[in-house]
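Q: Chain by chain, the residues run as shown.
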Amino acid sequence: MTEMLKVTVDRRHPMAVIYTEGYINNQGGEEIARVAYDLIDEDHKVLLLNLQGTKIVNSIGISILIEIIEKMLEIDGKLAFCNLTPTIEKTFHIMGLAQYAKIFPDEGVALGELAG
Amino acid sequence: MASSAVLREVTLTLPMLPDMEIAASKTATALAEFMEMSSDKIDEVRMAVVEACINSFEHSQADDRKVEIQFAVLGNDEPERLQITIRDSGVGFTPESLVKPRIEDKLKAASKRGWGLTIIKGLMDEVDIHSGPRGTTVVMSKLR
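Protein sequence lines correspond, in order, to chains A and B. Residues in the first sequence are numbered from 2 upward in steps of one, following the numbering used here. Residues in the second sequence are numbered from 116 upward in steps of one, following the numbering used here.
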């Protein structure tokens, strides 16, 4: 019924930007995790998740994002988000994700801060 | 809650199948647009509907594997409130026994799940849960 989430990556060592397009549900979250863990294996320690192409997420998908945050904390890395819809940002605040993963308004601001 | 007239009503019966929650969210969107809710509020309603459906799909254990969703636009003269009722005939649960999830705990836990009701309560204006051995009904509403 819904199309599979599309995930693309821009590698900017030691950082990488992950772009999503579509619904982050169980399968979408798993796809993001697969890409993120591949990037961690390539020694990318800062991951920026640009959700500009995602208008809806569900709690199962977000739970998988929490697994990625846990992994990043284990390796002393960082996961950050940018271009969230107001509702997705509000949801991340409700859940407390913002305590462990920074939220930036756009990619330019995020890259500037994360590089610093 | 003050009484008000039902200005428009839609009922869906959805099979508990992957991504069926999106069908419910589209109906919620259509009614919220009819009420001229802001786009941010519409998104919040959509997400709450998705979470309520997923909770039912995942936890109800309903033999009929169906969930009924009633959308009602309520108001006097003008639309004032969108009320959404999600009903399943599953095994029920005790809402009072649920522990509010905390991110600090979830980061260390094997299961990161269990956020649905927290999200629904955070996004909607009113949420009531009635649950028993014959099923669960979640009634949630959003003011225009």
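There could be a bad hint or two in this list.
Below 30 Å or equal to it, Euclidean Cα-Cα: the simulated DSBU-like pairs (lysine-lysine) are [as the list claims (entries may be wrong)]: (1) A:Lys-91 x A:Lys-72; (2) A:Lys-79 x A:Lys-91; (3) A:Lys-103 x B:Lys-156; (4) B:Lys-181 x A:Lys-72; (5) B:Lys-223 x A:Lys-46; (6) B:Lys-236 x A:Lys-72; (7) B:Lys-141 x B:Lys-181; (8) B:Lys-156 x B:Lys-181; (9) B:Lys-181 x B:Lys-236; (10) A:Lys-72 x B:Lys-223; (11) A:Lys-72 x A:Lys-103; (12) B:Lys-156 x A:Lys-72; (13) A:Lys-7 x B:Lys-141; (14) A:Lys-91 x A:Lys-56; (15) B:Lys-141 x B:Lys-156; (16) A:Lys-56 x B:Lys-141; (17) B:Lys-236 x A:Lys-91; (18) A:Lys-79 x B:Lys-223; (19) B:Lys-141 x B:Lys-223; (20) B:Lys-223 x A:Lys-56; (21) B:Lys-141 x A:Lys-72; (22) A:Lys-56 x B:Lys-215; (23) B:Lys-215 x A:Lys-72; (24) B:Lys-236 x B:Lys-223; (25) B:Lys-215 x B:Lys-181; (26) B:Lys-223 x A:Lys-103; (27) A:Lys-7 x B:Lys-223; (28) A:Lys-56 x B:Lys-156; (29) B:Lys-215 x A:Lys-79; (30) A:Lys-79 x A:Lys-103; (31) B:Lys-215 x A:Lys-103; (32) A:Lys-91 x B:Lys-141; (33) A:Lys-56 x A:Lys-72; (34) A:Lys-103 x B:Lys-181; (35) B:Lys-156 x A:Lys-91; (36) A:Lys-79 x B:Lys-141; (37) B:Lys-181 x A:Lys-79; (38) A:Lys-7 x A:Lys-103; (39) A:Lys-46 x A:Lys-7; (40) B:Lys-141 x B:Lys-236.
No wet-lab data here; the hints were simulated from the structure.
Q: If a hint holds in the structure, say so; if it doesn't, say that too.
A: Right, here's what the structure says about each hint:
Restraint check for Lys-91 (chain A) and Lys-72 (chain A): the C-alpha separation of about 23 Å stays at or below 30 Å, so the hint holds. With a CA separation close to 20 Å, the supplied pair Lys-79 (chain A) and Lys-91 (chain A) stays within the 30 Å bound. Distance restraint check for Lys-103 (chain A) and Lys-156 (chain B): the Cα-Cα separation of roughly 24 Å lies within the 30 Å cut-off, and the hinted pair is therefore satisfied. Note on Lys-181 (chain B) and Lys-72 (chain A): the hinted pairing is violated, with a Cα-Cα distance of about 37 Å set against a maximum of 30 Å.
Our distance criterion of 30 Å between C-alpha atoms is met by Lys-223 (chain B) and Lys-46 (chain A), whose separation comes to about 20 Å. A hinted pair counts as satisfied when its Cα atoms are at most 30 Å apart, and Lys-236 (chain B) with Lys-72 (chain A) qualifies at roughly 29 Å. Of the pairs offered as hints, the one joining Lys-141 (chain B) and Lys-181 (chain B) holds, with about 18 Å between alpha carbons and a cut-off of 30 Å not exceeded. A distance of roughly 27 Å separates the Cα atoms of Lys-156 (chain B) and Lys-181 (chain B); the hinted pair therefore holds under the 30 Å criterion.
Restraint check for Lys-181 (chain B) and Lys-236 (chain B): the C-alpha separation of about 23 Å stays at or below 30 Å, so the hint holds. Between Lys-72 (chain A) and Lys-223 (chain B) the CA atoms are separated by roughly 11 Å; this keeps the pair inside 30 Å, and the hint holds. A hinted pair counts as satisfied when its Cα atoms are at most 30 Å apart, and Lys-72 (chain A) with Lys-103 (chain A) qualifies at roughly 15 Å. For the hint linking Lys-156 (chain B) to Lys-72 (chain A), the alpha-carbon distance of about 33 Å lies beyond 30 Å, and the restraint is violated.
Distance check on the hinted pair: Lys-7 (chain A) and Lys-141 (chain B) sit about 21 Å apart at the alpha-carbon level, within 30 Å; holds. At most 30 Å may separate the alpha-carbon atoms for a hinted pair to count; Lys-91 (chain A) and Lys-56 (chain A) meet this at roughly 13 Å. Restraint check for Lys-141 (chain B) and Lys-156 (chain B): the C-alpha separation of about 14 Å stays at or below 30 Å, so the hint holds. With a C-alpha separation of about 13 Å, the suggested pairing of Lys-56 (chain A) with Lys-141 (chain B) holds against the 30 Å cut-off.
Distance restraint check for Lys-236 (chain B) and Lys-91 (chain A): the Cα-Cα separation of roughly 12 Å lies within the 30 Å cut-off, and the hinted pair is therefore satisfied. Of the supplied pair hints, the one linking Lys-79 (chain A) and Lys-223 (chain B) holds, its CA atoms being roughly 17 Å apart against a limit of 30 Å. Of the pairs offered as hints, the one joining Lys-141 (chain B) and Lys-223 (chain B) is violated, with about 35 Å between alpha carbons and a cut-off of 30 Å exceeded. As the CA atoms of Lys-223 (chain B) and Lys-56 (chain A) are separated by approximately 28 Å, the hinted pair is consistent with the 30 Å bound.
With a C-alpha separation of about 35 Å, the suggested pair Lys-141 (chain B) and Lys-72 (chain A) falls outside the 30 Å cut-off, and the hint is violated. Under the criterion of a C-alpha separation no larger than 30 Å, the hint pairing Lys-56 (chain A) with Lys-215 (chain B) is consistent with the structure, at around 26 Å. For a cut-off of 30 Å, the pair hint linking Lys-215 (chain B) to Lys-72 (chain A) stands: about 23 Å separates their Cα positions. Taking the CA atoms of Lys-236 (chain B) and Lys-223 (chain B), the gap is near 24 Å; set against the 30 Å cutoff, the hint holds.
Taken as a hint, the Lys-215 (chain B) and Lys-181 (chain B) pair is honoured in the structure, with Cα atoms around 27 Å apart against an allowance of 30 Å. Between Lys-223 (chain B) and Lys-103 (chain A) the alpha-carbon distance is near 19 Å, which keeps this suggested pair within the 30 Å criterion. Under the criterion of a C-alpha separation no larger than 30 Å, the hint pairing Lys-7 (chain A) with Lys-223 (chain B) is consistent with the structure, at around 29 Å. For the suggested pair Lys-56 (chain A) and Lys-156 (chain B), the alpha carbons sit about 13 Å apart, so the restraint of at most 30 Å is met.
With a CA separation close to 26 Å, the supplied pair Lys-215 (chain B) and Lys-79 (chain A) stays within the 30 Å bound. Distance restraint check for Lys-79 (chain A) and Lys-103 (chain A): the Cα-Cα separation of roughly 9 Å lies within the 30 Å cut-off, and the hinted pair is therefore satisfied. At roughly 23 Å between alpha-carbon atoms, Lys-215 (chain B) and Lys-103 (chain A) fall within 30 Å of each other, so this suggested pair holds. Our distance criterion of 30 Å between C-alpha atoms is met by Lys-91 (chain A) and Lys-141 (chain B), whose separation comes to about 20 Å.
Simply put, Lys-56 (chain A) and Lys-72 (chain A) have alpha-carbon atoms about 25 Å apart, close enough for the 30 Å limit, and the pair holds. Proposed proximity of Lys-103 (chain A) and Lys-181 (chain B) is contradicted: the alpha carbons are some 39 Å apart, above 30 Å. Taking the CA atoms of Lys-156 (chain B) and Lys-91 (chain A), the gap is near 11 Å; set against the 30 Å cutoff, the hint holds. The hinted pair formed by Lys-79 (chain A) and Lys-141 (chain B) fails the criterion: a straight-line CA distance of about 35 Å is larger than 30 Å.
Between the alpha carbons of Lys-181 (chain B) and Lys-79 (chain A) the distance comes to roughly 41 Å, so the proposed pair goes past 30 Å and is violated. At roughly 23 Å between alpha-carbon atoms, Lys-7 (chain A) and Lys-103 (chain A) fall within 30 Å of each other, so this suggested pair holds. Restraint check for Lys-46 (chain A) and Lys-7 (chain A): satisfied, since their Cα atoms lie roughly 22 Å apart, inside the 30 Å limit. For a cut-off of 30 Å, the pair hint linking Lys-141 (chain B) to Lys-236 (chain B) stands: about 20 Å separates their Cα positions.
Of the hints listed earlier, those the structure fails to meet are numbers 4, 12, 19, 21, 34, 36 and 37, in rising order.
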